[in-house]
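Enquirer: Protein chains in written order, with our numbering: chain B, 4 to 198; chain C, 4 to 198.
These aren't lab readings, by the way, just hints derived from the structure by calculation. Check the hints yourself; a few may be wrong.
Claimed, not checked - Which residues of chain B face chain C? A partial, calculated answer using Cβ under 10 Å:
hint	residue
1	H133
2	E172
3	V183
4	A184
To be verified - Below, a list of computed lysine-lysine pairs in the DSS-like style, where the Cα atoms sit at most 27 Å apart:
hint	chain 1	residue 1	chain 2	residue 2
5	B	K103	C	K191
6	B	K131	C	K191
7	B	K131	C	K192
8	C	K131	B	K192
9	B	K5	C	K149
10	B	K131	B	K103
11	B	K131	C	K103
12	C	K16	B	K16
13	B	K192	C	K103
14	C	K149	B	K103
15	B	K115	B	K131
16	B	K149	C	K16
17	B	K131	C	K115
18	B	K16	C	K149
19	C	K192	C	K115
20	B	K16	B	K192
21	C	K191	B	K191
22	B	K191	C	K103
23	C	K131	B	K103
24	B	K149	B	K5
All C-beta atoms, glycine included, are put in the ideal place defined by N, C-alpha and C.
2 protein chains.
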Amino acid sequence: MKLILASGSPRRKELLSRAGFLLDIHVSDCKEESACTNPGLLVEELSHEKAVAVWKELEDQIADTVVLGADTVVSIFGNVLGKPSDEEDAYRKLRFLSGKTHEVYTGVTLVKRVNEQMQCHTFHECTKVHIAQLSEEEIRAYIATKDPMDKAGAYGIQGIFGKFVSGIEGDYNNVVGLPVARVYAELKKLGWLED
Amino acid sequence: MKLILASGSPRRKELLSRAGFLLDIHVSDCKEESACTNPGLLVEELSHEKAVAVWKELEDQIADTVVLGADTVVSIFGNVLGKPSDEEDAYRKLRFLSGKTHEVYTGVTLVKRVNEQMQCHTFHECTKVHIAQLSEEEIRAYIATKDPMDKAGAYGIQGIFGKFVSGIEGDYNNVVGLPVARVYAELKKLGWLED
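Just need the whole structure built from these sequences, with the hints factored in.
Expert: What follows is the structure, given as structure tokens:
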């Protein structure tokens, strides 16, 4: 099945390709800003914004292809953590996550033309992640790899940081950036899953 | 840090490399048989057998290098599922797992020479895995990819089958084949973590 992925994230691209989807990638330059402080609603709103922006740009060129937008944040004790602004910010975020459990929220919006109308379907998944106690040396060594800099919460679960993740509750791929199983199940439920 | 991996599994090799370990791979041809029916004890026993066999072979050539052995099985309602023997067996196993929650057990043994003596350290991790309801077509299409054939429980969580895994509880890498975070934590605790 073919999707248009409204995200430049190489990790989302890889997850969907691995799950057997064919992809076109199209990124719009919407602001990615929101006043929302509820992490679930925030990622739903931003995923909706991204998906609709791309759908509107491509509306005349695509027939029934589904556009997928997604957004991921880390939430801990009521704080929403996005991507780090610099290395010191990455250090602060990682020290905050050390030895604690946090939540990762990914919002997803699927958009498709149905009966000549734009139809949107939005949801989010939440996964709990347990991080081991990190020493200052471990945090500094991890930041030196540059891996944290483009990732919400300043870490990537799938790389070298994996050795500090003692466990999760929920969908692992949701932490990587996209709840692929939920996306597949929702497409199936909507009847939008075709070859 | 350098390890000798007593396993031919390309997935364990990748997990450890990604976590920053340097590896030598050495596989012994021990039987991998056990009368044990408790999945946690079974994987501990088999990981111990593999690690000790390699350590004994290499004893004279290695100084303080840690040998790591591991074994993974799937357990559901008291049944232990190993690798499928053929495609029909893979079908039976996948149909059994469909729409249910099962456990994945990986046992790990670390062996090192300490004060001229062989010292072993064995443990296991268990991760719960929730599988979506699978249709006959979905199972057949997955078997056609050949992905199930070399994997305990007849699936690999990290590939195309990921879209059927709705969630887990515990360490994701443990399902792939090695609880890397626990291995790292145990090496640290033992004081065996060095450059």
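Enquirer: Now, for every hint given, state plainly whether the structure supports it.
Expert: Okay, the hints, checked on the actual structure:
1. H133: At 9 Å from the nearest chain C Cβ, B:H133 passes the 10 Å test, so the hint holds.
2. E172: Hint holds; B:E172 Cβ to chain C Cβ min 5 Å, cut 10 Å.
3. V183: holds (5 Å)
4. A184: holds (5 Å)
5. B:K103 with C:K191: holds (19 Å)
6. B:K131 with C:K191: holds (25 Å)
7. B:K131 with C:K192: holds (25 Å)
8. C:K131 with B:K192: holds (25 Å)
9. B:K5 with C:K149: holds (23 Å)
10. B:K131 with B:K103: holds (10 Å)
11. B:K131 with C:K103: OK: B:K131 and C:K103 at ~21 Å, within 27 Å.
12. C:K16 with B:K16: Roughly 24 Å separates the two Cα atoms, so the pair holds.
13. B:K192 with C:K103: Holds, at about 19 Å.
14. C:K149 with B:K103: violated (39 Å)
15. B:K115 with B:K131: violated (31 Å)
16. B:K149 with C:K16: holds (23 Å)
17. B:K131 with C:K115: Answer violated: B:K131 to C:K115 is near 35 Å, above 27 Å.
18. B:K16 with C:K149: It holds: about 23 Å lies between the C-alpha atoms, which stays within 27 Å.
19. C:K192 with C:K115: holds (14 Å)
20. B:K16 with B:K192: Measuring from Cα to Cα gives roughly 22 Å; hence the hint holds.
21. C:K191 with B:K191: violated (45 Å)
22. B:K191 with C:K103: holds (19 Å)
23. C:K131 with B:K103: The hint holds at about 21 Å.
24. B:K149 with B:K5: With a Cα-Cα distance of about 33 Å, the restraint between B:K149 and B:K5 is violated, given a limit of 27 Å.
When each numbered hint is compared with the structure, violations occur for hints 14, 15, 17, 21 and 24.
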